[in-house]
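Protein chains: 2
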Amino acid sequence: MIIDCHGHYTTAPPQLAAFREAQLARLDEPGRAAPAMAPVTDDALRESVVNHQLKVLRERGGDLMLFSPKASGMEHHVTDPETARAWAEASNDLVHRVSLLFPEHFAAVCQLPQTPNGPLDGVIAELRRCVGELGFVGCNLNPDPSGGHWTSPPLTDPYWFPLYEVMEDLGVPAMVHVSSSCNPAFHTLGAHYLNADTSVFMQLVQADLFGRFPGLRFVVPHGGGAVPYHWGRYRGLAMRMGRPDPAEHLRNNVFFDTCVYHQPGVDLLTQVVDAGNILFASEMLGAVRGVDPATGIAWDDTKGYVDGAGLTAEQLAMVYETNARRVYPRLDALLTAQGR
Amino acid sequence: MIIDCHGHYTTAPPQLAAFREAQLARLDEPGRAAPAMAPVTDDALRESVVNHQLKVLRERGGDLMLFSPKASGMEHHVTDPETARAWAEASNDLVHRVSLLFPEHFAAVCQLPQTPNGPLDGVIAELRRCVGELGFVGCNLNPDPSGGHWTSPPLTDPYWFPLYEVMEDLGVPAMVHVSSSCNPAFHTLGAHYLNADTSVFMQLVQADLFGRFPGLRFVVPHGGGAVPYHWGRYRGLAMRMGRPDPAEHLRNNVFFDTCVYHQPGVDLLTQVVDAGNILFASEMLGAVRGVDPATGIAWDDTKGYVDGAGLTAEQLAMVYETNARRVYPRLDALLTAQGR
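Heads up: the protein sequence lines correspond to chains A and B, in order.
When the letters of the first sequence are read in order and numbered with full-length UniProt numbering, they come out as residues 1 to 340.
When the letters of the second sequence are read in order and numbered with full-length UniProt numbering, they come out as residues 1 to 340.
If we strip away everything but chain A, and leave its shape as in the complex, we get:
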């Protein structure tokens, strides 16, 4: 089977955006009561995905998508913890309901109610609620809740450890994914996302986080940012710094997705990164929509690139399925319970 480990609910019914607007408006009027989201019917949820993510997934030969709230909408730069909690809860609840409506095609991954350098207790509580009560299989972790100002400590800092303890305990990985950029120097989709992937990978090269948390697993999206293209740079830097070779050091803990939108990029990724550390993904409907006029192929139809990258059948099985089941053991349990 083919598992797409990186999809976002970018087509949620308009009640979600209206709720967010009401939330943000209220922050300017502290006396106002907290808004509630208008009800969304199951039919509206079905309609929001059947002709979008689900249709495209099936047309391209995919079976199941790891589905999380829209990344650019997480907006962790909003500093009020209670607003962040209610926003993550509403966003996650919709994703949860989609996964219940289409249990064969969507497994849920949660947004965390992070705030810039805020306390992590609310983050941990929402993770426990989603995984423990609702059957989520993973989470998205934002290394820069400030939205492009990078005011948080590196992911190797003890600030994050309480969260990691719970992730290990629950057996869920995190996709390292920033949200919208509030910094005009960084375009959200064309710079901030890729910079975050690159920066976090280097943070992990510098320190020995996984010696302390051997069961902690991160998926670095967008093909690992700049990392595979500069694989020699990272190997050379690690050696110069007296650090172990990244391929060995991070083998059991760090994985790249295949959200790289042209054949030469996916060729490079599969050439330099071990197939055991690559998870198939498209991030559709996401950053880059439409068709390359030069090839007639949709930019984010990454399955075509992966199929064309010259991997063996065994490697393809790892990239398409077995790596994801290993990195997300709760997904494996769900699928096993379905007889898949």
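To be clear, the hints were calculated from the coordinates, so they are not data collected in a lab.
Beta carbons: idealized from backbone N, C-alpha and C, even for Gly.
Careful, some of the hints might be misleading.
Computed beta-carbon distance windows for the label pairs [what the hints assert, rightly or not]:
1. B:211 <-> A:101: 46 to 52 Å
2. B:338 <-> A:157: 49 to 55 Å
3. B:153 <-> A:11: 30 to 36 Å
4. B:28 <-> A:159: 42 to 48 Å
5. A:162 <-> B:43: 54 to 60 Å
6. A:241 <-> B:36: 34 to 40 Å
7. A:38 <-> B:294: 56 to 62 Å
8. A:241 <-> B:135: 35 to 41 Å
9. B:36 <-> A:162: 34 to 40 Å
10. B:289 <-> A:32: 44 to 50 Å
Use these hints to put chain B onto chain A, whose structure you have.
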């Protein structure tokens, strides 16, 4: 001939570092007189390069290097303009003297006395001094003088236009190069440099800077950061934003160097970027020193990768020589005067 467009004076005599220390110490004691740099003899300058950059350049078959002060040492985050002026002047003067001692092998590129969001008049004055009086052929422009806090406007903002007018007027390009990171989230060599390359490229995709400054040219170092690896992403984003195809839009104004330290990376670069937009470079002795134990080849021996990338003889001539002479017309004039 083979021109390496990206080398830094990372081996300057110790008087330069001592001067910097004295400069920084003085900032804590405002009453103290400005320090002067201890004299450096021509012999000391010769010795500082003959067994380092010059030796490696010649051993690897290179003829000439565009030589600028150490990038991580520019330290534009220090906010005092007079300190920045004296520091750039001292650094540039040494590079200038090296270029006079070895005119066949080094052409000078200057550091600019930038400060975070500071006025550009001192920057322009130093550019005019270096190019007009000392024969420099280009400059390094830092898009983030804050050193990892990214407080400056994008390079497409009018803030920068007075500098661009002078660059056009003088006929010199800029290599877009940040300095040390002061942000623990960004490792200087493993994240900040690459993020800057990626971010600036996207800034240039978003706006029409070269419609206003058709003669302005930027070299994006380190193989363009994450850009060539994500070439499909940039083409797709540009199309979605109603912007022209980056390859067309930036053809006459934006160039990538070849500082990518493994064969698959250089293969990708030369596959997706037109040979007319690639300039040979190694950045030695720079970020990544030493030999890959898997191949026995020095990481930054990029000539081997470029030779192995399957380019035609005509394309190789462009990458090794003619593109650099076109992008740096003052270099071309220098070489022509030398009969080369």
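Now for the hints, and whether the structure bears them out:
Under the hint 46 to 52 Å, the C-beta atoms of residue 211 of chain B and residue 101 of chain A, about 49 Å apart, fit the expected range. Between residue 338 of chain B and residue 157 of chain A the Cβ separation comes to about 53 Å, which falls inside the hinted range of 49 to 55 Å. About 34 Å separates the C-beta atoms of residue 153 of chain B and residue 11 of chain A, a value consistent with the hinted range of 30 to 36 Å. Checked against the hint of 42 to 48 Å, the C-beta distance between residue 28 of chain B and residue 159 of chain A comes to roughly 30 Å, which is inconsistent with it.
With their beta carbons about 59 Å apart, residue 162 of chain A and residue 43 of chain B fall inside the hinted range of 54 to 60 Å. Judged by the Cβ atoms, the range 34 to 40 Å given for residue 241 of chain A and residue 36 of chain B holds: they are separated by roughly 36 Å. Taken as a hint, the range 56 to 62 Å holds for the pair residue 38 of chain A and residue 294 of chain B, whose Cβ atoms sit roughly 59 Å apart. Between residue 241 of chain A and residue 135 of chain B, the C-beta spacing of about 38 Å keeps the proposed range 35 to 41 Å intact.
A beta carbon spacing of about 53 Å between residue 36 of chain B and residue 162 of chain A contradicts the range 34 to 40 Å that was offered as a hint. Taken as a hint, the range 44 to 50 Å is violated for the pair residue 289 of chain B and residue 32 of chain A, whose Cβ atoms sit roughly 60 Å apart.
Violation of the numbered hints given earlier is confined to hints 4, 9, 10; the remaining hints are satisfied by the structure.
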